[in-house]
Amino acid sequence: MMLEPTATGPSIVICATCRVSSDLREDGSGRRGGALLAEAMLEIQRRDSRYEGLGIQTMACFFACSEHISVHLRAPGKISYVLGRFTPDAEAARAILDYALLYADSTHGSVRYAQWPEGVKGHFISRSPPEGFVLR
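Be aware that the sequence shown starts at 19, since it is given in this note's numbering, and climbs by one per residue.
All clues given are correct.
If you anchor each label on the Cβ, the simulated ranges turn out as follows:
#, residue 1, residue 2, range
1, Pro23, Ala132, 32 to 42 angstroms
2, Phe151, Asp41, 38 to 48 angstroms
3, Phe151, Ser47, 38 to 48 angstroms
4, Asp123, Leu153, 12 to 22 angstroms
5, Cys79, Phe151, 22 to 32 angstroms
6, Cys83, Asp107, 15 to 25 angstroms
In short, the hints are calculated from the structure, not lab data. Quick reminder that beta carbons are idealized off the backbone N, C-alpha and C, glycines included.
Using the sequences provided together with the hints, build the complete structure.
Shown next, in the form of structure tokens:
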């Protein structure tokens, strides 16, 4: 395992090896759910310039296998979040991207619940403070 540098700034890191669902490891073409979600996000980003400031990255295994199709939302100096239990489709991809825009515009990474896109509600797994901070 080797760490690979990425661009800094608000980004969504997708577990590319996540299952398609709790019952299905891969789709009919042998693609994993996380990889399919990443493809959907990148396609939406290509077609909609509102998302161009968001990094979309993939990595292997978040160790969140019971919460298949997990994503990590992060930005320097902000609370980071792990979300999961998504379907690998454009609807989930757009909800995550829309939340990521709100997150990127927030001061510390906290977005009021009333602003959350419906598609991310119920998908939060954990939050972590940025390096050098704790939440009070």
